[in-house]
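Student: The residues making up each chain are set out below.
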Amino acid sequence: MNYLENRKYVIQAIFVVVGIVFALRLFYIQVVDSSYKQAAETNAIKTVIQYPFRGLIYDRNGKLLVENTPVYDLMVVPKEAREPDTLRLAKLLGLPFEDVRERLKKARSYSPVKPSIFYQKLTTQDIAHIQDNLIDFPGFYINARTARGYSHSSLSHALGYIAEISPKQLEDTAYAGYRPGDYIGKSGIELEYEKYLMGQRGVKHIMVNVRGIEKGPFKDGAYDTLSVAGKNLYSTIDLELQKYGEYLMNGAKGSVVAIEPSTGEVLAYISAPFYDPNLFTGKDYGKNYMQLLTDPNKTMFNRPIMASSNPPGSIFKLAHALIALQEGVVTPNTGYPCNQALVTCSHAHPAPTDMTIAIKTSCNPYFYQLFRASINQGKSSNPFKDTAIGLAEWRKQITTFGFGTTLGIDLPNEKQGIVASPAMYNKIYGENRWKFSTIYSLSIGQGELGVTPLQMANFMAIIANRGYYIKPHIVRAVGEKGKPLREYQKRNYASVESKHYAPVVDGMAAVVSSGTGRNASLAHLGIEVCGKTGTAENPQGKDHAVFVAFAPKENPKIAIAVYVENAGFGAQSAAPIAGLMMEKYLTDSVSTKVKWKEKWVLSRQYLNID
Amino acid sequence: MPVEQTIPKYKIATRSSKRTSRNIFNNLDWVTVLLYFLLVALGWMNIYAVVYSPDNVVNIFSFDINSGKQLLWIGTSVILITMLLAVDYKIFEHLAYPIYGFIILLLLFTLAVASPIAGSRSWLDLGGGVRLQPAELAKFATALAASKFLNGANLRHQNMKDQMILAVITLLPPAIIILQNETGSALVFGAFILAYFREGMSPLILIIGGSAAAIFILTLLVPKLYLISGIIVLMGAAIWLDYRLMRRIKSMVALLLLIVGMIFSVDYFINDVLQPHQQNRIKALISPEADPLGYGWNVTQSKIAIGSGGLFGKGFLDGTQTKFDFVPEQSTDFIFCTIGEEHGWIGSTVLIVLFLLLMTRIVSIAERQKSVFARTYGYCVASIIFFHFLVNIGMTIGLAPVVGIPLPFFSYGGSSLWSFTILLYILLAIDANRAQDLSR
Ligand SMILES: [Zn+2]
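Taken in sequence, the protein lines are chains A and B.
Residues in the first sequence are numbered consecutively from 29, following the working numbering.
Residues in the second sequence are numbered consecutively from 3, following the working numbering.
Hints in this document: simulated from the structure, not taken from any laboratory.
Be careful, since some hints might not be right.
What the hints assert, rightly or not - Facing chain A, according to a computed beta carbon distance under 10 Å, are these residues of chain B, among others:
1) Phe104
2) Ile306
3) Leu401
All C-beta atoms in this analysis are idealised placements derived from N, C-alpha and C, irrespective of residue type, glycine included.
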């Protein structure tokens with residue numbers, strides 16, 4: 029026989045060696061090491077989960093936005109609890125007798141030997157009372173963990189909240205590390221940054237004898253692990269600006285989004301009406317949640333990124349002007365008559381002789397004619413086809429401004445909005461059955477358009493930067509030395525080159541210095557503001573007021589979009605809010621000279637102006 | 003150099019009608035049969051011990067409890083055995099490829115239609131509450147196909163084509179099984195390396211595979227710095243002992259770098275490649291108590307149960323730790339704990355010796371086969387049983403990651419008992435007829 033046959037000895041040797049290793053290992057754990065016997069005698073190693081501190085969230089100036097406060101859960105191991113005195117337990121916890129029995133049953137059905145939460149979120153006062161009596165209830169113990177706490181009542185929509193993980197999430201393999209009763213981010217930053225905030229659980233092992241008395245750590249704590257705190261987040265939000273904005277928006281419905289144009293950092297993020305984030309931390313979380321969910325003002329609706337069905341109104345004229353310049357179909361000096369036969373103009377004014385004047389007066393017929401020049405460039409002799417070609421090209425450009433797509437902000441559930449497309453009209457009217465006269469309302473920002481307040485603010489950042497934006501984001505660092513994610517450092521260029529922005533910016537400056545945006549002026553500080561008012565038609569009721577702006581005109585520090593629902597014309601309601609907030613951000617305070625504006629805003633009189 | 007064969011591997015002779023059942027009976031390897039029934043019977047008693055409760059004694063034969071059900075599986079296994087011994091033993095070789103092809107299709111079919119049970123898409127519902135796990139059947143089917151292929155192929159030549167085909171035959175089933183999310187069952191196919199080694203595969207693959215596994219486990223158990231220093235010291239000692247190794251210093255350094263690279267990639271592999279549930283199994287090995295309510299729970303509780311058995315054990319049915327659900331999967335994957343607790347070190351060692359006897363016996367059965375097909379198949383059987391033995395007992399005593407595979411012939415469950423019975427008795431059927439080849 030050849031040498032291969034000898035390999036049978038190698039193989040049999042492998043078998044035997046493994047057998048010997050097993051026998052030796054067994055001898056060690058069964059005969060030599062007595063700790064397993066002790067563990068079996070004490071019958072239980074109680075494992076106490078050490079919940080990590082969830083990461084804190086700071087604002088851009090180092091002020092705490094979200095902190096942790098201690099809460100206590102009453103835990104039970106049913107097998108050790110045996111048959112507790114349910115009546116006394118009910119009295120101790122202030123619960124109905126049946127409720128206590130129900131909770132015990134639930135814990136048993138989860139597992140007789142693993143600990144489960146019996147009663148959660150006890151306060152420090154509850155604990156003092158219960159702790160003394162627990163000695164008579166073997167199998168019950170107190171586990172401390174932390175809940176979220178807020179020293180302010182702002183920014184609820186962006187911060188989001190945490191709550192117990194749902195049964196559905198528990199079944200999902202994406203949440204493999206979680207257990208029933210764990211807390212998890214449910215919305216906002218808490219959800220988006222869950223994996224950084226959550227940290228890592230630790231575990232302590234304590235040997236407990238049959239009477240439930242602790243006999244010290246198992247194997248001297250050799251297997252204990254410390255919990256690792258979650259990473260702190262550094263937000264881009266300016267808490268003072270946020271609070272001031274909420275003060276101004278209190279009682280109104282709508283959104284304010286402010287962005288630092290050079291970085292894409294979100295300075296303020298207001299969704300009105302808002303709620304106090306503290307409502308979601310205590311025992312009444314469920315009740316409060318249901319109340320807000322069914323509230324007719326849709327308080328839980330995250331307007332800045334989800335209100336996507338409203339047309340932008342006149343502010344879209346700025347985009348039309350920029351695209352027409354890029355297309356080369358107009359020059360900054362192009363004038364059009366204010367021809368009311370095409371479309372009505374809101375107020376009487378001399379014919380706009382150039383683009384800057386047209387923007388200042390927001391002349392509807394002017395932009396009708398400008399938009400038509402963009403759309404119908406005569407690329408096809410068939411006016412239907414020509415319109416379809418022009419609209420497709422225009423749509424390609426407008427999406428580079430972030431319209432009709434999600435911007436990718438680090439918050440969940442961002443909506444993309446609507447931008448008209450040839451396919452959309454083909455579906456409504458049929459192919460080659462629509463032309464410019466069908467779609468002209470786009471020229472004044474009405475019709476098949478839907479824009480989120482975030483997209484409006486980002487649009488302002490693009491004009492402020494003269495042609496590019498950085499994706500808006502609300503967290504600039506994970507951990508103290510962290511940097512924004514790569515995608516929040518990159519410049520995204522709009523299709524319109526920087527050389528075309530000057531006439532539009534000049535027009536916006538004129539809007540604020542002598543046009544409809546005077547209420548946003550910061551002339552008393554010597555700061556030149558560029559803005560544009562708008563009104564979004566609302567078929568359901570009173571129109572929505574829009575004002576977008578950035579300041580200062582050169583080296584802009586803040587871009588802002590204010591959207592007030594059912595507030596009519598943007599000049600009266602939205603513009604002063606934008607002006608006050610920009611002043612607050614740029615100078616850290618609001619001068620007494622403009623306190624009357626504050627009063628005016630808070631009086632909500634604009635709600636009654638028709 | 004071809005594989006030596008003293009007798010032409012497969013001669014179609016006029017089949018003698020003298021082949022009677024009596025013939026088979028005489029030639030059957032009764033030592034193996036005895037070991038088989040010993041293991042099955044001991045398993046059955048331990049399955050009863052798991053459910054036994056002094057407060058509520060249920061008859062061991064009751065179909066309400068696992069031991070009663072297991073008896074049903076044992077009974078059907080005896081029928082299976084009779085059938086396997088009754089059919090013409092040649093069909094196992096004739097039909098090796100068709101069986102393999104059928105099982106591959108069955109695996110794919112299961113993947114497509116199975117509804118996930120605990121995250122795994124490996125169970126085929128046959129209706130009437132009967133479920134089949136085709137992954138279990140894939141073991142003997144692959145063993146047959148690989149053996150048949152080796153009958154004509156040659157591993158020792160630098161014949162890349164044959165080696166590639168063999169690799170495909172061996173790795174196709176586990177690839178599908180991994181897609182079914184049954185990583186444990188898929189790992190079993192690694193055992194075939196042992197059989198191929200016997201048939202001439204380069205020992206390098208075995209050594210590299212073994213060292214890689216050793217370094218993998220050591221990386222988990224020993225801090226990186228100690229491990230690397232240890233390896234450097236070992237290499238230094240080797241050079242000190244045999245100075246000629248200095249001439250190979252370049253290859254030594256390359257080897258060292260390779261090992262260090264591997265140590266660091268283990269970290270990356272665990273944290274970035276594995277899925278969370280797989281990570282947990284590995285982490286339970288390093289520090290079972292790190293996740294005491296999950297996978298670590300099994301390992302800690304199983305070690306406590308086994309450890310509390312002492313030298314002689316607590317006695318049959320007198321265990322306390324292996325009752326109820328202190329150790330999950332008690333009667334299936336963690337059945338060894340019951341032995342450890344109730345029968346102590348003596349009982350555990352007896353069981354280990356029984357397995358060693360069975361496995362070495364199978365090796366000698368394999369060696370006395372005249373065809374490469376039969377010999378390779380015998381080695382495949384031994385290797386598969388060995389792999390289960392290694393991982394199943396290893397995990398209960400904290401020497402192997404928690405991989406949910408049963409202890410052969412011992413664990414509760416029909417799919418497992420049937421598949422091991424088929425695996426073993428095909429070999430015994432072929433073996434019982436080996437005289438036929440001689441007498442021709
Ligand atoms: Zn006009």
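Student: Evaluate each hint against the coordinates.
Tutor: Hints, one by one, checked against the model:
1. Phe104: Status violated, d = 30 Å.
2. Ile306: Holds, because the Cβ-Cβ distance from isoleucine 306 of chain B to chain A comes to roughly 5 Å (cut-off 10 Å).
3. Leu401: Hint on leucine 401 of chain B: holds, closest Cβ of chain A at ~6 Å, below 10 Å.
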